[in-house]
Structures are given as structure tokens and as C-alpha cells.
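Trainee: When you get a sec, could you build the whole thing from the sequences and use the hints?
Spelled out from the first residue to the last, the chains are:
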Amino acid sequence: MNTHQGNFVRTSMIEAAPAPIQTGGIAYWLRKNLFATPKDAALTIISLLVLAWLIPPAVQWLFIDAAWTGGGRGVCATVAQGGSQPDGWSGACWAFVNAKFDQFLFGRYPIDERWRPALVGILFVLFLTPMLIPKVPYKNLNAILLLVVLPILALILLPGGWFGLPFVETPLWGGLMVTLVLSFVGIAVSLPLGILLALGRRSTMPVIKMLCTVFIEIVRGIPLITVLFMASVMLPLFLPQGVTFDKFLRALIGVSLFASAYMAEVVRGGLQAIGKGQYEGADSLGLSFWQKMNLIVLPQALKLVIPGIVNTFIGLFKDTSLVSIIGMFDLLGIVRLNFSDANWASAVTPISGLIFAGFIFWLFCFGMSRYSGFMERVLDTSHKR
Amino acid sequence: MTIGVTTTPEPKSKPSGSIINDPQVRGIFYQVVTVAILVAVVYWIADNTIENLKRANIASGYGFLNGRAGFDVGQSLIAYTSDSTYGRALFVGFFNTLLVAVTGIITATIIGFIVGIGRLSHNWLIAKLSLAYVEVFRNIPPLLVIFFWYSGVLAVLPQPRESAALPFNIFLNNRGIAFPKPVFGDGSQYVFYAFVIAVIASFFMARHARKKQEATGQRFPLLWTVLGLLIGLPLLALLATGWPITFDIPVAGKFNLTGGSVIGPEFLSLFLALSFYTAAFIAEIVRAGIRGVSKGQSEAAHALGVRPGLTTRLVVVPQAMRIIIPPLTSQYLNLTKNSSLAIAIGYADLVAVGGTILNQTGQAIEVVTIWIIVYLSLSLTTSLLMNWFNARMALVER
Numbered sequence: 000m001n002t003h004q005g006n007f008v009r010t011s012m013i014e015a016a017p018a019p020i021q022t023g024g025i026a027y028w029l030r031k032n033l034f035a036t037p038k039d040a041a042l043t044i045i046s047l048l049v050l051a052w053l054i055p056p057a058v059q060w061l062f063i064d065a066a067w068t069g070g071g072r073g074v075c076a077t078v079a080q081g082g083s084q085p086d087g088w089s090g091a092c093w094a095f096v097n098a099k100f101d102q103f104l105f106g107r108y109p110i111d112e113r114w115r116p117a118l119v120g121i122l123f124v125l126f127l128t129p130m131l132i133p134k135v136p137y138k139n140l141n142a143i144l145l146l147v148v149l150p151i152l153a154l155i156l157l158p159g160g161w162f163g164l165p166f167v168e169t170p171l172w173g174g175l176m177v178t179l180v181l182s183f184v185g186i187a188v189s190l191p192l193g194i195l196l197a198l199g200r201r202s203t204m205p206v207i208k209m210l211c212t213v214f215i216e217i218v219r220g221i222p223l224i225t226v227l228f229m230a231s232v233m234l235p236l237f238l239p240q241g242v243t244f245d246k247f248l249r250a251l252i253g254v255s256l257f258a259s260a261y262m263a264e265v266v267r268g269g270l271q272a273i274g275k276g277q278y279e280g281a282d283s284l285g286l287s288f289w290q291k292m293n294l295i296v297l298p299q300a301l302k303l304v305i306p307g308i309v310n311t312f313i314g315l316f317k318d319t320s321l322v323s324i325i326g327m328f329d330l331l332g333i334v335r336l337n338f339s340d341a342n343w344a345s346a347v348t349p350i351s352g353l354i355f356a357g358f359i360f361w362l363f364c365f366g367m368s369r370y371s372g373f374m375e376r377v378l379d380t381s382h383k384r
Numbered sequence: 000m001t002i003g004v005t006t007t008p009e010p011k012s013k014p015s016g017s018i019i020n021d022p023q024v025r026g027i028f029y030q031v032v033t034v035a036i037l038v039a040v041v042y043w044i045a046d047n048t049i050e051n052l053k054r055a056n057i058a059s060g061y062g063f064l065n066g067r068a069g070f071d072v073g074q075s076l077i078a079y080t081s082d083s084t085y086g087r088a089l090f091v092g093f094f095n096t097l098l099v100a101v102t103g104i105i106t107a108t109i110i111g112f113i114v115g116i117g118r119l120s121h122n123w124l125i126a127k128l129s130l131a132y133v134e135v136f137r138n139i140p141p142l143l144v145i146f147f148w149y150s151g152v153l154a155v156l157p158q159p160r161e162s163a164a165l166p167f168n169i170f171l172n173n174r175g176i177a178f179p180k181p182v183f184g185d186g187s188q189y190v191f192y193a194f195v196i197a198v199i200a201s202f203f204m205a206r207h208a209r210k211k212q213e214a215t216g217q218r219f220p221l222l223w224t225v226l227g228l229l230i231g232l233p234l235l236a237l238l239a240t241g242w243p244i245t246f247d248i249p250v251a252g253k254f255n256l257t258g259g260s261v262i263g264p265e266f267l268s269l270f271l272a273l274s275f276y277t278a279a280f281i282a283e284i285v286r287a288g289i290r291g292v293s294k295g296q297s298e299a300a301h302a303l304g305v306r307p308g309l310t311t312r313l314v315v316v317p318q319a320m321r322i323i324i325p326p327l328t329s330q331y332l333n334l335t336k337n338s339s340l341a342i343a344i345g346y347a348d349l350v351a352v353g354g355t356i357l358n359q360t361g362q363a364i365e366v367v368t369i370w371i372i373v374y375l376s377l378s379l380t381t382s383l384l385m386n387w388f389n390a391r392m393a394l395v396e397r
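Protein sequences, first through last, are from chains L and R.
For the first sequence, numbering that gives the first Met the number 0 assigns the number 0 to the initial residue and increments by one for each residue that follows.
For the second sequence, numbering that gives the first Met the number 0 assigns the number 0 to the initial residue and increments by one for each residue that follows.
If you are wondering where the hints come from, they were derived from the structure by calculation, not from laboratory data.
It cannot be assumed that every hint is accurate.
Unchecked claim - 30 angstroms max Cα-Cα, derived BS3-like pairs, lysine-lysine:
no., chain 1, residue 1, chain 2, residue 2
1, L, K138, L, K302
2, L, K275, L, K291
3, L, K31, R, K294
4, R, K127, L, K31
5, L, K291, L, K302
6, L, K291, L, K208
7, L, K291, L, K138
8, R, K127, R, K294
9, R, K127, L, K38
10, R, K211, L, K38
11, L, K208, L, K134
12, L, K246, L, K99
13, L, K302, L, K134
14, L, K246, L, K275
15, R, K294, L, K302
16, L, K291, L, K134
17, L, K208, L, K275
18, L, K246, R, K53
Unchecked claim - Derived list of chain R stretches under chain L, where covered just means 3 residues or more per stretch with a C-beta under 8 angstroms from a C-beta of chain L:
no., segment
19, 29 to 36
20, 117 to 125
21, 193 to 200
22, 230 to 236
23, 367 to 374
To be verified - Using C-beta positions, here's what the derived DEER-type ranges look like:
no., chain 1, residue 1, chain 2, residue 2, range
24, L, G326, R, S293, 21 to 29 angstroms
25, L, G326, R, L375, 51 to 59 angstroms
26, L, V49, R, N51, 45 to 53 angstroms
27, L, W67, R, K53, 57 to 65 angstroms
All figures in this text were calculated on a predicted structure; none of them were measured in a lab.
Quick reminder that beta carbons are idealized off the backbone N, C-alpha and C, glycines included.
Mentor: Structure (C-alpha cells):
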């Protein structure tokens, strides 16, 4: 055995290395995410200061100082304003929302008949929930229930006038009910209409293509409020004398047409993204135009543009608030209508009502956007790296 | 041995079946039917409309634009009284729409870019705060945001005589924000000329600097030169002419502020709401744009020894802009269209003024036509401008 004793071999033990930098725990997380560089640290501290300045007063105003119960404006006004709160008080007036809650839901719908919209609402939730969960079977039956049976039931129950139900005219409708009916119908109409318009815009027939393009571009170029004005002021001019349209129906038509133009552009994006080979493959199988679209192209195209479709739905849902400008009382409209209730007028009533309405709108829109993200992942058949 | 290929001339592809199955014939048939239905519907509508207008005693045509308006508007950029014509009132509305759209677009872009970059920050707190901002404002109707500012915040500000005083003699009360109004005395036109000269000089300076850099590689301290020009020249002119610009400062009177300029709460709430609302969308566009630039680009720049700040400016941002500009254009258009919500709080924009005229005269078709033409041309102009900008930014391929 041959051993070399070179002077490169250490003769003494080296010092123990320091413990590795901790790669877990709160301290590491803080250093990595909040104080990585001096600039980061400064930003973090400034943000924390801003938050400390904003959040406690906001919590104080929204929850601690808020007036939760009470039967009139007294609980939401200071002594100087003729109320019972101490001078200098300011807090949310949830008592107002509490007292008006039924109105915010149903508008001025007769109190004895409110079980009808409530029943439709419960059925809507019952039919919609299994539809939204991919694993629940019987999707076809479910779709029929949601898109055929429910609208028919709603048409019978909401206006009434059949089967001994007293007639409730649409000017009495209001609140969240109107917002939901408008958006449900708008969504149900605008998707198929938008698909038709998109197919028309990509058609080889010049007349159809031009008509669809002109419609889409004009509607997309003007604000919704002008479309609603058109529906409420011009539509009566276009119809023969004596034929009157319900104002609610006119708003429905306006909102649906408006949304379908946007939907058409979203769907067109999807159609353009489908390779030519798919169209040619369908043609070579001898499929007719509608078979080609229904079986090959649209299932792929619509899947691609789910985020865009849901964004259009969210936009539509938010846009329904505009009908309050042409004198209908959707959720926002009915909240604003109640500002002028002398029994509840106070400095904090408007802002409390608006925060409540904003929260409801936010809940629906946020839910929709979250669900679209979920669906995207479920339907994603590509191989993600 | 030769292989003979005999080609029997195929009969010209004639449809095997009847003429009904020929797609071309069918196409023409469908189009003829569509046109026929369309003509019939238009004729029916026109007939009904003429009948209805005759019965309501409304003369069609645009003659009404010369009539006396008889209503006041809160805020106007051009001279207007209630004795002015309807046409002038519409112009007032049009300029008000432009004003809120342009100021809103500028503010929304600034907030949107800050929040969008914040979304990508490595700092957890900043990223989450930006996310919260986007998720809150994206999911609330703009109309509600407008009302929030109008009846929630601005309406509960103090009365004019108890105005909140801000720095620089700016006062805030429930009738809006009052600020010193510049008064241009004699000689102030020279200051304006000086500014114009500075702008033109900066333009040529920038061209010269770029040429010099392309030719020699030497960089020219352009930013400081231009800033110096833009501030220095007007300042010199001010000094030379003996400071002709003075300020009319708002003074608290017994019941109201006098003097100064006042921006009404209608404009303020519309402007704030549109800016905050659109900024949430712009932020998402900016984030997607920056994320869309592949990581290899900035890594390559770092490998070449380009400093991080320069990498962002010269490598990442120009490429991100290509992704950002098209959706940004449609957000600008959305903001312009959303400015029509002004009618809900009584800011005299085109739709609000048109609505008043419509109620007074009943000229529904004419007013709606004017709306459509104005908004369509605004949309087209914005698209053209942004397309031109986009073409300048686009990838130059060989």
C-alpha cells in the first residue's frame, strides 16, 4: 500500500459551518416576501402604515360604531341632526338595510305575493347548483329544468294572472329580483344570439356578413344607456298605434341585444383560433354546416373562450344596474329610491345602502369569475408543462 | 414496358343532385330572403314611424337644433346660456364628454400601471393589496361607484362656509373643489410662445440625440435637457415680461366661496369613479402584458450585462407594450362609453344634454342618431390613433 502524505491534507479539524439559513418558518417567510431588499422593506413599512391608518377607522365605522337595529332615522342621526346618537358620531346605518331588506329583494312587489318570486328564486338555486357541479349526473335533464321549465314557471308565477294568481304588473317589480331576471334572460339570450352573429360575421355570404358586422360594430360602438334609451323611446315609435310593449320587456330586449354583440366578438375570437384542419376534416366527413358547427367547431371554440364569455356575463350583470336610469328599480335603483324615505334620511344612510348594494353585486360577480377559473381547469384537456 | 396512364377527362364537377343542393344557389337564395325580410321590416317600421310622428305632431329633421334651448347646464367649457341653441347645448355636452374621458383615461392609465406592476411585485403585501384593489373594483358596477362618490362621499363633505382647506389655497366642500384660477395678464402670450418653442426644440433635440446615438453610440442626457427647456424657457419669459400671470384665490365668504375656479361634485364623482373602475381593468392588462414577455428576454439582457433598470426599459416594456396596447384601446373606449353614466348624477355630458332635448322636443330619432354618430366617430378615432401607435410599436420583421 502506497500512501502519500502531501501537505495539502488537512491535519486539524475545520470549524463547524454555521447552521444553514433557515428555509422555513415565519422569520424566513417575512425576510423573503416582505423585507428582501431595502426598497421592499420601505414599501412594506409604508403599506403597513397606510393599512394601520385605514383599517381600524373602517372597522370602527362599519361594525363597532354601526347602528344595527332600530326603527327609524333616529338611530342613524346625531342629537344635532334630531337623532339619538351622540354628536360627532358616524357609523354605518345597517338598521336601514335591515328594515328595507325585503324591499331590496323584491322591490314593491305586493307583500302577500312575495312567496312567488321567493319560490322562483329557490327553484333557481336548486336547479343551478347541480348544473354547476361537474360530477352531478343527469346534466341534460338538469339543463331542461333550468332553461325550459324554470323560465315557464317564472313566466307564470312572477307576473301572475293565471291560475287564480293575482296579476302583478312589472312597474311593481324591483330589487335583486329584477337584477337577476334581467341578467338570467340576458345571459340565456345573448349566448345563442352571439354565436349566430359570430357565425354570420364569418359567413361567406356577403349580405349576411355585412349585416352582422354592421350590427356588431354599431352596438359595440355606443354606450348601453343609448341602447336603453332607444329601447324605451324609439321602440314605441316603430310599432303601430295601439301596440304597446311592457317597459320591462323593452329593457330586456335592449340589454340582451347589447350583450349579444359583445358575445359575438368573444365567440368569433374562439372560432378564429380553431385550425383550418378541423373545418376541412368535418367537410371531408360530409357533415352539413350545422353538424360541423355543433359537433366539431363550437365545442372547441367555446371551450377556448370561457373566460371571455364569463367576462361578458359579469359585464352584463353589472350593466343591468343601468336600467335604474330609465326609471326601473333594480337593486341599485331600489336602494337609491329608499334614500328619499323621510323616515330614514340621514347623513350615513346613502353610503350604507350603497355599500350593501355594492357588496351584493360584488358577491355575484366575484362568484362568477371564480367559477369560470374552476371550469377552465376542469375542461382543460391540454397537457400543461 | 411502359406504363400508360390514361386520363379520362372527368366531367366538369357538376352537382350530382338537383339545383337545390348547390351551395352557391342556396347561398344566393338565403341572402335574397334575408334582404327581402329586412326591406319589409324597414318599410313597416318607417311606415309606423311616419304615422306615429304625424299623430304626435313632431316634425322630423334637424331644424330643431336652431331652437332656443331654455335650460341651463352646470358646467360648460364653451360659452353657453339658456338662450343658446339646442345645437350649442349638444356641443357643450360633447366637450364635457371629451373632458371627462380624456382626464379619466390619463388618471386610469397611471393608477392602472401602478397597480398592475404592483400585482407582479415580489413583495407579498404589495401584491396582495393590488390584487384586492383589482378584485374589488372589477366586480362592482361603475354606476354604483359613481353614486358612492356622489351621494356617499362628496355629498357629506362640509358646507361651503366650513370648507376643508387644503394646501395651495385649495378648498373642498360639498359643492366641489375650489382652486386658484390663473389670470393671464398682458404679456402672458409670450410665456405661451416660449412654451411652444420649448416643445418644438425638445422634439428636434430628441431626433438629434437619437441620430447621434445611432451614429456614434454616445448617449445624450436628453431627459434633463428637455425638462430644463420646458421649464426654463417659460420661466425666462415670465421673468422678462414681469410675471404677468397671477392667481385668483378662492376666499371664504359668509355663505359661499368667492373667486377661484370650482369643479363641481358631478364631474369629480364621475371622473373619480371612471378612473378607479377602469384602472382595475388596465392593471390586469398590464400584468398580462408583462407576464407575456418570456423570461428568456430579460435573462438574455442580464447575460449581456445590461443593468436591471435598463433591461426593464429597453427590453421588457417595449415587448410588453405590444401585448398591452390592443386591449388597452378597448378599455379607453369603454371608459369613453361609460362616461355616458353622467346622466345619472346630472353631469351635462352628451347623453344627459341629449336626454333633456329629447324630453323637451320629442325628437327621439334625431337625438339618438346624433348620439350614435358621435360615439361611433369617437370610437373610430380612438381606434385609429391606437392602431397607429400599435403599428409603431409592432415587431419589425424582415
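Trainee: Each hint should be assessed against the structure and marked as holding or not.
Mentor: Here is what the structure says about each hint:
{"no.": "1", "hint": "L:K138 - L:K302", "verdict": "holds, 17 angstroms"}
{"no.": "2", "hint": "L:K275 - L:K291", "verdict": "holds, 12 angstroms"}
{"no.": "3", "hint": "L:K31 - R:K294", "verdict": "holds, 21 angstroms"}
{"no.": "4", "hint": "R:K127 - L:K31", "verdict": "holds, 15 angstroms"}
{"no.": "5", "hint": "L:K291 - L:K302", "verdict": "holds, 16 angstroms"}
{"no.": "6", "hint": "L:K291 - L:K208", "verdict": "holds, 19 angstroms"}
{"no.": "7", "hint": "L:K291 - L:K138", "verdict": "holds, 23 angstroms"}
{"no.": "8", "hint": "R:K127 - R:K294", "verdict": "holds, 23 angstroms"}
{"no.": "9", "hint": "R:K127 - L:K38", "verdict": "holds, 17 angstroms"}
{"no.": "10", "hint": "R:K211 - L:K38", "verdict": "violated, 35 angstroms"}
{"no.": "11", "hint": "L:K208 - L:K134", "verdict": "violated, 40 angstroms"}
{"no.": "12", "hint": "L:K246 - L:K99", "verdict": "holds, 25 angstroms"}
{"no.": "13", "hint": "L:K302 - L:K134", "verdict": "holds, 18 angstroms"}
{"no.": "14", "hint": "L:K246 - L:K275", "verdict": "violated, 45 angstroms"}
{"no.": "15", "hint": "R:K294 - L:K302", "verdict": "holds, 28 angstroms"}
{"no.": "16", "hint": "L:K291 - L:K134", "verdict": "holds, 28 angstroms"}
{"no.": "17", "hint": "L:K208 - L:K275", "verdict": "holds, 19 angstroms"}
{"no.": "18", "hint": "L:K246 - R:K53", "verdict": "holds, 23 angstroms"}
{"no.": "19", "hint": "29 to 36", "verdict": "holds (count 4)"}
{"no.": "20", "hint": "117 to 125", "verdict": "holds (count 6)"}
{"no.": "21", "hint": "193 to 200", "verdict": "violated (count 0)"}
{"no.": "22", "hint": "230 to 236", "verdict": "violated (count 0)"}
{"no.": "23", "hint": "367 to 374", "verdict": "holds (count 4)"}
{"no.": "24", "hint": "L:G326 - R:S293: 21 to 29 angstroms", "verdict": "violated, 52 angstroms"}
{"no.": "25", "hint": "L:G326 - R:L375: 51 to 59 angstroms", "verdict": "violated, 26 angstroms"}
{"no.": "26", "hint": "L:V49 - R:N51: 45 to 53 angstroms", "verdict": "violated, 59 angstroms"}
{"no.": "27", "hint": "L:W67 - R:K53: 57 to 65 angstroms", "verdict": "holds, 60 angstroms"}
Of the hints listed earlier, those the structure fails to meet are numbers 10, 11, 14, 21, 22, 24, 25, 26, in rising order.
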